[in-house]
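Q: Build out the structure end to end from the sequences listed, making use of the hints.
Chains as they are written, first to last, in the working numbering: chain Y, 1 to 442; chain G, 1001 to 1715; chain U, 2001 to 2203.
Hints listed in this document are in silico derivations from the structure and should not be mistaken for laboratory results.
Quantities reported herein were computed from a predicted structural model and do not represent experimental measurements.
Note that the Cβ used here is the ideal one computed from N, Cα and C, for glycine as well.
One or more of the hints may lead you astray.
To be verified - For each label pair, taking beta carbons as the anchor points, the in silico distance ranges come out as:
hint, chain 1, residue 1, chain 2, residue 2, range
1, Y, S289, G, T1617, 35 to 43 angstroms
2, U, P2118, G, D1334, 18 to 26 angstroms
3, U, S2120, G, K1357, 35 to 43 angstroms
4, G, D1334, U, V2187, 49 to 57 angstroms
5, Y, G86, G, R1710, 43 to 51 angstroms
Claimed, not checked - Which residues of chain U face chain Y? A partial, calculated answer using Cβ under 7 angstroms:
hint, residue
6, S2002
7, T2034
8, V2043
9, P2056
10, I2080
11, R2082
12, D2180
13, L2201
14, T2202
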Amino acid sequence: MPSPGKRRFFEQGCRVLALAALGTLIWRAWRPPMSGERPVVTRSTASIPSALARATRAPLAALDLTIDSLPGPRDRAWARAVAATGTVVRWRRARDLRPDVDSLHAWAPLATALEPIADPSGRVRLVALGPPGSSLAIGDQAGSVDSTKLSRTGTRTLDAMLDGLVTARIPGGVSSSARRDSLVVRPVLVLADAGWEGKFIVAALEEAGWRVDARFAVAPQVSVRQGRDVPIDTAHYSAVIAVDASVVPRAASIVRFVRDGGGLIVGGAAASLPSLVGILPARGAAAVSPTLGAVVSEEPRRGLDGVELTLARNGALVLDRTAGRVRVAAARVGVGRVLVLGYDDTWRWRMEGGADAPRLHRAWWSAMAASVVRAPLVALEGTPDVDETPFASLVASLGMPDDAPRAARPPLSSTAWEPVLFALVLGALLTEWTSRRFRGAR
Amino acid sequence: MNTPAAERTPVSAVTREAEPTTLVAGWRRRLQLAALLRALLAGLGAGALALATSRPLLVGTSVAEQGGRVAAGSALSGGGIAMLVAGFVALAVAGSQWWRSAVRSLSTERAALWLEEQAPRLRFALVSALGDDVSPAVRPALARAIHAVPWEQAARRAFWRSLRAPALVAFGGVAAAVLVPVGLGAARSSVARDRPGAGAPGAPTPLGSVTLTLQPPTYTGLSTAREVDPALVRAYPGSRALMTGRGPVVSTHAVLDSAPLAVREAPGGWQAGFTTGASRALVRLQRDGGDARLLALEPLVDSAPSVALRAPARDTILRVPRGTMPLAADIQDDLGIASASFEYIVSSGEGERFTFKSGTLGALPAETGRRGTLHAVLSLEGLQLAPGDVVHLRAVGRDRNNVSGPGIGSSESRTIRIARADEYDSVAVDQAPPPEVDESVLSQRMLINMTEALVKRARSIAKSDVTVESRRIGRDQARLRKQVSDIIFARLGDGAEGEGHDHDESESPASGSLTPEALLKAAEKATEINGHPTDFAGDETPVVAINRPMLEAFNAMWEAGRALDGGEPKRALPPMYAALAAIQRARTAERLYLRGAPPRVVVDLARIRMQGKDKGTPDLRRPRAPLDPFHREALRRFAAALTTLEQTPTAGVDSLIVLRLAVADRRPAAATALEGAITELRASRDATALLLLVRRALDDDIVSVDTLSRWGSVR
Amino acid sequence: MSTFTFATAQYESGDWDSSPLVPANLIDSIARYTEIDVSPSGVIVPLGSDAALRYPLLYLTGHLPVRFTAQEKQVLTRFIERGGLLFVDDHNHDIDGMFHKTVTEELRSVAGPLAKIPNSHPLYSAFFRFEDGPPNTSHELNGWGDNLLHPYLMAAQREGRISVLYSNKDYSSEWNFHPDNKRFYSVDNTRFGVNLVVYALTR
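A: Next comes the structure, spelled out in structure tokens:
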């Protein structure tokens, strides 16, 4: 039986041991990760959440994520947050990926964006970027919409009726997007002399669903009017279509309208008006004789009268040519847009063209108007969570992949000592208490 | 130590088996049979109870709405699962009963004990008799004791008593399965059979199977058709449709669009009839508190007869109205031709004074079916035609449609004109089919033959002779060329002159006759107004447009003539061939003006611009409606129908039926795909591919380009 | 420039050229009252030719029965579908006449049934105001033809616009004089023709 002195000494030792173990536990909980510590390695995307949970519970020196499919936004954000606490988070692709997806391009860079377009029928534009030549399947909440391929440059633009969450898939990659904005499109004003061109421009736009105001000059002080008699400004109109010289009395307000952000389309017959020339991206030059019979061909606009355009402004873009001649040019003027047409009688396309000519004429004019209209964006409420650029977001969160081969080491059980230490605390305290009780102390 | 029975005396063995042992063995088999029957009855009862309880839960409303016919997906599997569950329970209960029964290992001794239990007065005589160690001396006494007691009657009673409880269980289970409201078709049928026409007390009865009998209108000659549970019915307007089904009349309702239909009692259930119309419609069948069903009606179109006039084959100008003219026309119709005839209108007069008379000729035989040929003869004397009169002739066919018709089809018309005497003196009137061209053809062919012969002979005769002969042919060629130029200018008919006939035949081209360029210039000058050519088809002046083949012939003849005049017949042949070909084309050219060109007035715009005394007033224009606002709405309805389809399959199919009617006109491809999808869904088959087709057909305006625009559309 | 050219439809079955001076007279009126860019003379265009599609306003008249050929029907159907306006005038001014009977039947097959248009129709206010609907013609007032005053015009409409305008009023006779003689009229009787052209060019 040891002496009471020795027993007290023993009890003191137990207390010290318990305190030391407790201190170690506390230190382990709060210490920064040590650089020399072996990293935690995951073997698949599915095991990332558990690894992140561990790294959240206890700081790790490093976390090596092996990815066999792109992680979702939640895991990416989590990993980024873990990295922000000091843990080195690296990622690499799994070595056993299928051959068709085992490349950086195969499943990495699919990105989509859904944007509203000024299309009265309610279509939206989906822009997809990804590996060149990939098969692209697009669907929305009402099912599959289209199957197509990305171009040789890896792009595809699709204008269609798309509802809700839109999903684009390529082999090995998926991206989702949703509309975040809508547009405010005010009426288009058509200014023309009474004639076939003005009539059929208005008809095409109205049939396509545009709200159109019109002024057809018939005689001095006599016109046929559609819409209210309001000033030409961006509060009332989104674009003006100046078909011919009837626009001259309103030229000054049109120039002001464009500089304020409005859109302007100038027909071939008005492409050389001095009052507009200051804002035009191109001017009418030599007359272009139509190619006989071309109006019913695959290139119907070659069969139209008009003028060849010469670019007259820096930054002017050529949007359409026939037989090498510039027929449509556009440029930004201030915050507005101006588009000049080198065609005089596009109505002939509608009347004389092939079987589908009325629809094509309508679509062409609708596209012309859509490309210049001032259409401010309005944010939509309740946009669903989308993952438009999963790979880019992953790279943005964690950097480029670290694809250096890494020996698959068993994950270090950095928390294995914690139960031992905890048991040590309990054991030391219990032993100390028992010893005290046996010797009669409290 | 016991010895085997077989080794004992055979007599004693036979005696023992013939008596108690045989009896007990027989009862042992009966007891085993009773145990088997009890197990089977218990299994049947348990299985039926399981069916009665699980079926309403698993099948649910799907079966109720479809009347036992499965709509989409889960309904059939629900019924099947219920049956599987019932079968499993039945097997399990029967098996466990059998397993638990002691009979499974029933020995003869235990059978004897059971018999002793039923008849205590045996006092174990039966059991004792079975023992191997019973003394032979005791056996007779035991046999007597056994026979003295009527134990078999008690055993039989006990036997039947043991089956009573399982039989009751089985009966109860089967009764429950039969009588539970949402049950098998047999149960509903029995209810309907038991109370035809009576209102169902308690739970609603599903509509069940609906049969549609369709009787097309008599004129179609089509027979009555019958279809069970159709989703879409195509019928000619005026068809008589009769729907029949089982179940109570009072709780069954039928509505055609918004008009209620009378539902009447019929043997075994109900019936409702209506006549199909000329527009699309929906029939809604409804059972009170129960299910509803849609039936889409689409009218078939009875096409008008197609009529082709075979004779006369072309318009004709007659010098005198004499003789007869055979008429013939082919007529065909999709259902049947009722009548056909030739119609003529004779117009007489000129200027502002015209008189008309009309009539019909010919008739088809009464029993003409779907195609026939109409013949008649037009007597020109009978029409009392005068010079300048025009007979307009066509064939007209009528079909047998006496509901919405008759459909009338007509052929193209032909005109027969009687020439006026004075028009032969004028070149400004009708150009008859060109006999002058025919003459040229003959001449040109003859000239070619002569030239070809000369070329062959050229090697064997002197060059000077060749030249002389060639020039002689050249003069004939020049003569023909002048005829052609006369034709060209005669067609122009406005004071223009061709090459002068008064010129000497031998006159050289340079001495007065026109060159091709001069001819063309002169011809165009004749059509010019203030220096601007009159507009005409193909941006050509009339003289060019009308006479293009003849001008080509003229040019070619000119080339040929020059070569012939130069003594080079071989070089003359290619243009001569070209001239012949051009003349041939002229012969087959379309008909020219019916009359001469009208006078042309050119307005001096500069002089009169804005010189009017009156002033106009501004006016307002009303906007056009968008061409296809339906587009987006159809897509929205389709998406909604898909959502409904996932939640309530039958309602989703109904939505698709309604959508199909709505899109039939504007999106026929979508309607076709929808029809297929509805059929597949009703048959519980996969319709995914067809629904995809519907989506694409509804949104047929997708614009897909593989570039990014340099000129974006959104700011 | 989008010049308006007055076009007369030449059809195969009848006397399509029965009013040869109407085009010049209407061209004269358009120039007198409006600034519309108009060709100084009209054109004659075969109805069975695709060239008819170059002239979205076509004038068709005659006395004789009208039976369109299959080609004419095909072109006319396309013409109407694409937004053209066919003005048909009964030169007989006789609803019992053969022109009326036959042409209305033909028009029904290509453009649908003809219906009366109200006197408040934009056609009657497109440039000049005609409160009482279509102006009467001297031929009507003289009791020629069917001896009736036709108080309305008929039309087949497409998407709310007139695609075929049909008249029994015999404007073909009323307007069939040389424009130089217009000076002898106290009221220009061709003013309604201006409305027709302005309506066609602006609706």
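Q: Does each hint hold? Answer for all of them.
A: Against the structure, the hints:
1. S289(Y) with T1617(G): 35 to 43 angstroms: holds, 40 angstroms
2. P2118(U) with D1334(G): 18 to 26 angstroms: Cβ of P2118(U) to Cβ of D1334(G): about 39 angstroms, so the range 18 to 26 angstroms is violated.
3. S2120(U) with K1357(G): 35 to 43 angstroms: holds, 41 angstroms
4. D1334(G) with V2187(U): 49 to 57 angstroms: holds, 56 angstroms
5. G86(Y) with R1710(G): 43 to 51 angstroms: holds, 46 angstroms
6. S2002: Cβ of S2002(U) sits 4 angstroms from chain Y, so the hint holds.
7. T2034: holds, 5 angstroms
8. V2043: The hint is violated - V2043(U) has no Cβ within 7 angstroms of chain Y, the shortest such distance being about 14 angstroms.
9. P2056: holds, 6 angstroms
10. I2080: violated, 11 angstroms
11. R2082: Interface hint status for R2082(U): holds (5 angstroms vs cutoff 7 angstroms).
12. D2180: Interface hint status for D2180(U): violated (22 angstroms vs cutoff 7 angstroms).
13. L2201: Interface hint status for L2201(U): holds (4 angstroms vs cutoff 7 angstroms).
14. T2202: Holds, about 4 angstroms.
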